[in-house]
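Participant: Sequence:
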Amino acid sequence: MSGLHARGRVPAHARIPDAPPAPDFPAPNAPHHAPTYPPDTAPTATSPMAKSAKSAKPAKTDQTARTAKNAKGPKVDLATEITASLVVFLVALPLCIGVAVASGVPAELGIISGVIGGLVVGAARGSTLQVSGPAAGLAALVAETVLQYGVAMLGVIVLGSGILQIVLGLVRLGRVFQAISLAVVQGMLAGIGLPLMFSQLYPMSDSKAPGTPIENMAGLPGLIADTVANPQALIAAGLGVVTIVLSFLWKKMPGPVKKIPAALVAVGIGIGVASMPGVDVKTLQVGNLLASVDVPGPTEFAGLADVGIITAILTFTVIASAESLFTAAAVDRMHSGPRTRYNPELIAQGAGNTVAGLLGALPITAVVARSSANVQAGAKTRLSRTLHGLWLLAFALLLPQVLALIPIAVLAGVLVHSGWKLFAPEEFPKMWRQDRGEFAVMTLTTLVIVATALLEGVLFGLAAGIVLAALRMSQTVIKQHLEEDTAKVVMAGNATFLRLPQLIEALEAAAEAGKPRIRLDLTGVTHLDHACRNQVEEFVAQQRGFGLRVELLMPGSAKPVGTPAPVADLAGEQDRSAGTALPRRPYASTGAGPTQGPGPTAEWFYLDTRPMPEEYASR
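In my numbering, the protein residues as written are 1 to 619.
Don't take each hint at face value.
Claimed, not checked - List of simulated lysine to any residue pairs, SDA-like, C-alpha gap at most 25 Å:
| # | residue 1 | residue 2 |
| --- | --- | --- |
| 1 | 252 | 77 |
| 2 | 430 | 444 |
| 3 | 259 | 444 |
Hints listed in this document are in silico derivations from the structure and should not be mistaken for laboratory results.
Source: prediction; values computed, not measured.
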């Protein structure tokens, strides 16, 4: 018997001689009737059958128990969460100060935004391990806005952006950002990590970075020369190098020692070296946080009548939302824990920016460097990112003298290590081996981010990914050949505007063949867009105007419109692979006329897995 017979479908009411009757399945949505019993066998309240049915309860298997346990979320390891929060705090502190300085505002405003990112956004539902705070991606835009409208108007702009983000999350637009290519995400991470490394090499040597990533890269030879010539800068650079080495090698330490964060060990070493006589390296300097709070007043809110302010609010909203949710897609690929819920996360970001705007602080977005440090430190819940905001607040308010002991070079070394992990150079040859096209998208995304900014690079990467997908989707095969008096062109696949040059070339070749008849066979085309269809129709009209006979077979025109579909005769189709005809099953005709597909009188079919009767096997 042919193996394909078991996969054929026959009418449910068809009967095969000497075969058991077909199972009678209930129709969809049919009412379920109670079972009937022979006389004197119906279960009673006291019968064993009834007692058995009454006492039967669904057993809770171990798998069900495990599933229910896992549904409550990962188990909290308090020690790991606390150490992870300290690592994130050490990464976030220099970033908050550095972003504020780069944005042209007091450093304390950056710390305030970091505190809000931890205590407000960090405690909200949405993402689990993503950490938020002031981001370098918005520094240039903030600096330009502050220069044009002043620091006082910054709070109103950030407040408006936060409210708009909440609205976007409520109307469920956050999911749009999930449609992002893996190559773009990896390119974005590399594009953030590479400039971060080069920018932090300067504070690691107690120097000031020139500015843009390109300028920072170009200034490295001068930085090395200045560092070697300055003994104090050389000490600072040594602390940064020790921090980087510890960050890479500390996990290989034996026993429980490796559970201590490498960044914390490096800070301890840095404080010890900085306190030695004759050592003069730069340390953190933090002012009064409460005195830096600048709540917007009526004068600032009156500025909402300015079209420029409204434009700034919209710009901040789009860039901050895009950066946060693109970062969420990247962070989700770093761990195996709960995935980000994009709409609640967008609402959480909006809540953070609303509070930051009311306090006159910097705008908040999700930050990859802090998030990756959180993941690498072993965090599993929202506790670590919330605690990092608490550490920022406590140290800035209560222990500013402790912060003043930490060398900037050590914190810069922590950021250089984070930048290297984000850059992940091993991913480039891996992507090259897997997919050359995706490698190009990844590389272009990285280069554009380095050359311009984060948002521009991501948008460019998305555009490159869409072009790559369009080229791959538009796979068109065009064949042409000449017969006695006919020039034939046969096309199959997806014909889109991307293949117009190839199509035009084939049509022109057919016209130049000098044959009195042209036959265009497009029946194998699965998709014909407007541009290609218009080109074909114009060619046909033009050639017919020249007196040539042009035969055009468009997609779907090879079959007559009224051809009935062989629904009930599927078991009798030719087995092309074996070259033999499959045996036919008897069936009853419905008497329906020719249709394009199943109509209201169509048969119900089931999968018949019974063996073929012997009297039919020989036919």
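Participant: The structure should be examined with respect to each hint, and the outcome stated for every one.
Facilitator: Status of the hints after comparison with the structure:
With a CA separation close to 21 Å, the supplied pair residue 252 and residue 77 stays within the 25 Å bound. With a CA separation close to 16 Å, the supplied pair residue 430 and residue 444 stays within the 25 Å bound. With a CA separation close to 38 Å, the supplied pair residue 259 and residue 444 exceeds the 25 Å bound.
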